[in-house]
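Visitor: Next come the chains, spelled out residue by residue.
Number of protein chains: 2
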Amino acid sequence: MTVDTKSETRPHTLIASDRVEGTAVRRPNGETIGTIQRLMIDKISGNVAYAVLSFGGFLGIGEKHLPIPWAKLDFDPLLQSYQVDISDEELAKAPSYAADKDFDWGDRTQEQRVHDFYRARPYWGV
Amino acid sequence: MTVDTKSETRPHTLIASDRVEGTAVRRPNGETIGTIQRLMIDKISGNVAYAVLSFGGFLGIGEKHLPIPWAKLDFDPLLQSYQVDISDEELAKAPSYAADKDFDWGDRTQEQRVHDFYRARPYWGV
Chain A
1 MTVDTKSETR PHTLIASDRV EGTAVRRPNG ETIGTIQRLM IDKISGNVAY
51 AVLSFGGFLG IGEKHLPIPW AKLDFDPLLQ SYQVDISDEE LAKAPSYAAD
101 KDFDWGDRTQ EQRVHDFYRA RPYWGV
Chain B
1 MTVDTKSETR PHTLIASDRV EGTAVRRPNG ETIGTIQRLM IDKISGNVAY
51 AVLSFGGFLG IGEKHLPIPW AKLDFDPLLQ SYQVDISDEE LAKAPSYAAD
101 KDFDWGDRTQ EQRVHDFYRA RPYWGV
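Going down the list, the sequences are from chains A and B. Quick note, the first sequence lines up with residues 1 to 126 if you use our numbering. Quick note, the second sequence lines up with residues 1 to 126 if you use our numbering.
I should point out that these hints are in silico values taken from the structure, not numbers from a laboratory. C-beta atoms are modelled at their ideal positions from N, C-alpha and C, and glycine is treated no differently. Watch out, some of these pointers could steer you wrong.
To be verified - Label pairs and their in silico Cβ distance ranges: (1) B/Phe58 to A/Glu89: 50 to 56 angstroms; (2) B/Glu90 to A/Ser45: 39 to 45 angstroms; (3) A/Ala92 to B/Asp76: 19 to 25 angstroms; (4) B/Arg19 to A/Leu79: 24 to 30 angstroms; (5) A/Ile44 to B/Ile44: 35 to 41 angstroms; (6) A/Glu89 to B/Ser45: 29 to 35 angstroms; (7) A/Pro77 to B/Asp85: 20 to 26 angstroms; (8) A/Leu78 to B/Glu90: 42 to 48 angstroms; (9) A/Ile44 to B/Glu90: 38 to 44 angstroms; (10) B/Pro77 to A/Gln80: 33 to 39 angstroms; (11) B/Thr23 to A/Thr13: 36 to 42 angstroms; (12) A/Asp88 to B/Ala92: 54 to 60 angstroms.
Modelling step: build the complete structure from the supplied sequences, incorporating the hints.
Guide: This is the structure we're talking about:
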């Protein structure tokens with residue numbers, strides 16, 4: 001069957017992954033922190049566990065990746081970017097890793113630290 | 001705090017969105033159907049609603065996009081691709097749309113048809 005593409009398009013609740021990737025992340029005051037590098041998806045549940053925020057560095061040197069729980073990202077339609085309320089001090093202290101090293105996603109201890117840092121409920125249940 | 005990158009890496013349950021994008025989709029017999037174009041994510045829940053399968057066409061003409069529920073994709077580590085058991089007849093009948101037209105993700109009636117087609121439980125609950 002063909003999909004009816006003439007039906008009136010209504011606002012929808014879905015966003016494309018390749019559209020999220022590369023979207024800017026700002027503070028509530030509008031200041032840019034970085035961009036979303038990718039999303040990390042739990043294979044079994046199909047849940048987005050984290051957005052990976054890419055920030056810092058200069059000409060590719062010293063760039064950091066910061067995992068941010070999906071629930072902590074608010075989309076600002078005016079600025080067309082995600083909003084996270086996080087200070088420079090928190091960014092410095094937050095769990096992060098150099099862009100050329102893999103975060104050990106299998107280490108549940110590290111994941112608990114990330115969630116504790118954001119006071120977010122773990123995506124894998126209590 | 002810095003993340004301990006020396007800890008032993010264990011198998012993990014997360015996959016990166018930019019790694020899923022572009023991954024081949026095959027039938028159980030190994031035959032390639034197409035590739036994953038993108039994932040459609042429910043903004044509120046952070047759940048992957050569909051993977052969008054790109055297939056068919058020639059030199060970019062006549063390409064089709066087929067939404068496939070995440071739960072229907074099985075990853076084959078041997079072939080490093082996703083596996084969906086779907087025949088050419090089913091592909092022809094399945095809800096799809098030309099690659100240059102937007103599927104109306106806001107049309108819940110269409111989404112119900114997609115889920116009925118795959119006999120999958122709707123991601124938005126019963």
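Visitor: Does each hint fit the structure? Answer for all of them.
Guide: Hint-by-hint comparison with the structure:
| no. | hint | verdict |
| --- | --- | --- |
| 1 | B/Phe58 to A/Glu89: 50 to 56 angstroms | holds, 55 angstroms |
| 2 | B/Glu90 to A/Ser45: 39 to 45 angstroms | violated, 26 angstroms |
| 3 | A/Ala92 to B/Asp76: 19 to 25 angstroms | violated, 42 angstroms |
| 4 | B/Arg19 to A/Leu79: 24 to 30 angstroms | holds, 28 angstroms |
| 5 | A/Ile44 to B/Ile44: 35 to 41 angstroms | violated, 20 angstroms |
| 6 | A/Glu89 to B/Ser45: 29 to 35 angstroms | holds, 31 angstroms |
| 7 | A/Pro77 to B/Asp85: 20 to 26 angstroms | violated, 40 angstroms |
| 8 | A/Leu78 to B/Glu90: 42 to 48 angstroms | holds, 43 angstroms |
| 9 | A/Ile44 to B/Glu90: 38 to 44 angstroms | violated, 25 angstroms |
| 10 | B/Pro77 to A/Gln80: 33 to 39 angstroms | holds, 38 angstroms |
| 11 | B/Thr23 to A/Thr13: 36 to 42 angstroms | violated, 25 angstroms |
| 12 | A/Asp88 to B/Ala92: 54 to 60 angstroms | holds, 55 angstroms |
Against the hints set out earlier in the document, violations occur for numbers 2, 3, 5, 7, 9 and 11.
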